[in-house]
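In the order they appear, the protein sequences are chains A and B.
Here the first sequence stands for residues 273 to 503, where the numbers follow our numbering.
Here the second sequence stands for residues 377 to 621, where the numbers follow our numbering.
Take these hints with a grain of salt, some might be off.
Between beta-carbon pairs, the in silico distance windows are [said to hold, decoys possible]:
#: 1; chain 1: B; residue 1: Asp596; chain 2: A; residue 2: Ser428; range: 46 to 52 Å
#: 2; chain 1: A; residue 1: Gly422; chain 2: B; residue 2: Asp596; range: 43 to 49 Å
#: 3; chain 1: A; residue 1: Leu429; chain 2: B; residue 2: Thr490; range: 23 to 29 Å
#: 4; chain 1: A; residue 1: Ser359; chain 2: B; residue 2: Asp596; range: 52 to 58 Å
Far from chain B, some chain A residues (derived; all Cβ distances over 10 Å) [as the list claims (entries may be wrong)]:
#: 5; residue: Glu355
#: 6; residue: Asn366
#: 7; residue: Gly373
#: 8; residue: Ser375
#: 9; residue: Ser382
#: 10; residue: Leu387
#: 11; residue: Asn447
#: 12; residue: Glu486
Because the hints were derived from the structure by calculation, they are not lab data.
Backbone N, C-alpha and C fix where the C-beta goes; we use that ideal spot for every residue, glycine too.
The residues making up each chain are set out below.
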Amino acid sequence: MRYAKIIVLSSAILSLNLLGCSEDDEEDEITTSSYEITVTNITNNQPLTPIAIVMHHDGYAPWSLGSASSAGLEVLAESGSPELFISEANANNNVTATDAGNSAITAGNSVTFNLMISNTESDDLKLSIASMLANTNDAFSGVNSWDISGLGTGDSLSTLAKVFDAGTENNDELNIPGSGGEGFNAARDDIDKVTIHRGVVTADDGLSTSQLDETQRWQNYAAKVSITKIN
Amino acid sequence: MSKIIKRNFLVSSAVALACIAGTTQAATWDVSVLNLTHGNHFTPLLLTAHDHDTHLFEVGSAASLPIEHMAECGHLDPLLATTEVGVADADTIANPAGGVLAPGTSVNTSLTTTETHLSIVAMVLPTNDAFVGLDSLHVPTDAGTYTYYLNAYDAGTEGNDEVLSTTGTCSYTDTGTMPGAPGGDADSNATGIVTPGNDDNNTNIHIHRGVLGNATSTGDGTSDLVSTIHRWQNPVAKIVITVTP
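Just chain B, with the same shape it has in the complex:
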């Protein structure tokens, strides 16, 4: 009898120690992000680890101002200034590709963290306010390799006029232009699909309906996008996480 009690005590203290260790010992998450689109670039990616209560964005809810900056211009600094994300460090990786991530290409990065959840965001170019996103994934704690697929969202903060900026600059307060087309395959001088400055019908974050574009690149038309190049289907990104506890 006393032997059984002792064994149980040993088992439970071992469990208690494991629990303590689990909350303080950092895990390593090696993450690869693959752009699955055929004709769209991702702006510099942000990957950040956080607790279960944190959301950088939530589908069905309004975008925060830092998410609007990211989705309309690809700017990460406003997100890096929030308490949820914080500055780039061991478990907040900004711009792992050193620039845009081209169609069909991937980038590998690594986070070392004691946190439990992972979020990823980047703008999809060329669009008005599309972004690829992972909202607060509970990363497995067991060693292993795990695969996930991500959708393209519309931030709901800018009408999708599909007009390319002519200045090359971008502000979230502008009247609604696309900041750039890194593939060099966009049109110009479009009149716009919706009246510039108009909002989306759904002004919360929602699944992006896709871009429309025009069938030809003729330097005119309603859209600066080319329908045979710039359209996509979900999913738009594949991520593979290798967990080392």
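With the rest of the complex left out, here is chain A:
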């Protein structure tokens, strides 16, 4: 743990040098804040697709309950790819940092990210995260505009993430990405509003056409999100 912190600190100083800040006197050298963010899959049997992480201010929101998903959220929730979701965030002036995982997190496992921002961006800082539940049509879990501005150096916070329905694909529990089925489809054949997901029915509970079994059911919450301000 201590070793990791040293690496983060030295990379912060290195990036300052790259930015040409070497003329500043020593007191001003540390002008970045770094954060360690860990996401743990707390479902029984739903892989979480590569995590999309956005640090931002007011003026950006990854989704709005009761409103239509963005194209990026639709792709993320139907196929698991965070690419367009991250592109949309990067195009917003109120976004300060983004990151995305490389692989899915299986149930019981976690992944840790390190993000760095300029100190001038730390006021009113928010964290948003999104990830698809792989064995669904268009369910995703995440946190929306979580206020992390109160974190001091060394402080940690954690929260639990609910499961949402992107509302862009009918929940027929067929041809789902987790079983090698179809991913993204541009058609929006559901209610086209983001809602709290009602859960999956599965073949074990009477939906005989479902590709899912009872182990893939869930109740809120699907992920634990922890953040520590390293410096």
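Start from chain A and add chain B according to the hints.
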């Protein structure tokens, strides 16, 4: 000038005294626990006060053996034998309801403690290894009444076969049966939803996916649970803490 310095000195000594008092003077936490489920009982509850480093359980991590005993059988003695919990005393309350806590009912208890954090656990019946839990809540120090809602967790230590024990006894080492259905509303002779003895997919503590059950009580089927009775949604418990410093 000297007056200002003196006043500051008085203020800071008052703060110092308050800090000393805060670490040695016991607070009283009156706690009520309400079972929010419609058809599930809680086994005897354990409430314990402790420091900020202590966790009886952590979501995302493997259950300890004493937590496994609690979640699979409702047994509290293994937890009461740990150094983190210790024997039942002023700030460790075991079985405040004097038995199970029925759906829609609550129990009131009181802890007197110099500690800062509170944890609560109890098994949810009838299940294989579901438990209601509060993991290391930092209890406010200001006088007041505070409300929290708790989730049902799966200990991850036993496959959810939903088969009721026929012997009435329970051991954490058994092949995976549910120890009892206090509501008297469960089925019998089920074949099991997963092969008995199989583990959960997620063998760490996680949010319970809920029970499946069968729609009818016919003395057969894959589950001894009844889907129209024994299902729940989070949260499964409401706790209200009244702090008296």
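Is the Cβ of Gly373(A) more than 10 Å away from each Cβ in chain B? With a cut-off of 10 Å, Gly373(A) remains clear of chain B, as the shortest Cβ separation is near 16 Å.
Per the hint of 43 to 49 Å, is the separation of the Cβ atoms of Gly422(A) and Asp596(B) within bounds? 56 Å, violated
Evaluate the condition: distance from the CB of Glu486(A) to the nearest CB of chain B exceeds 10 Å. For Glu486(A), whose nearest Cβ neighbour in chain B is about 5 Å away, the distance does not exceed 10 Å, so it is violated.
Please check whether Leu429(A) and Thr490(B) have a Cβ separation lying inside 23 to 29 Å. 26 Å, holds
Confirm or reject: Glu355(A) is not an interface residue toward chain B, with every Cβ-Cβ distance exceeding 10 Å. Non-interface label stands for Glu355(A): nearest chain B Cβ at 27 Å, farther than 10 Å.
Is Asn447(A) truly not at the interface, in the sense that its beta carbon sits beyond 10 Å from all beta carbons of chain B? 22 Å, holds
Evaluate the condition: distance from the CB of Asn366(A) to the nearest CB of chain B exceeds 10 Å. 31 Å, holds
Checking the smallest CB distance to chain B, is Ser375(A) really beyond 10 Å? 17 Å, holds
Since Leu387(A) was said not to touch the interface, does its Cβ keep a gap of more than 10 Å from each Cβ of chain B? Holds: least Cβ distance 21 Å, greater than 10 Å.
Do the Cβ positions of Ser359(A) and Asp596(B) conform to the proposed distance bound of 52 to 58 Å? This hint holds: roughly 55 Å between Cβ atoms.
Is the distance from the Cβ of Asp596(B) to the Cβ of Ser428(A) consistent with 46 to 52 Å? Holds, at about 50 Å.
In terms of Cβ atoms, is chain B entirely out of 10 Å range of Ser382(A)? Since the minimum Cβ distance to chain B is about 6 Å, Ser382(A) lies within 10 Å and the statement is violated.
The structure is inconsistent with the numbered hints 2, 9, 12, although it conforms to all the rest.
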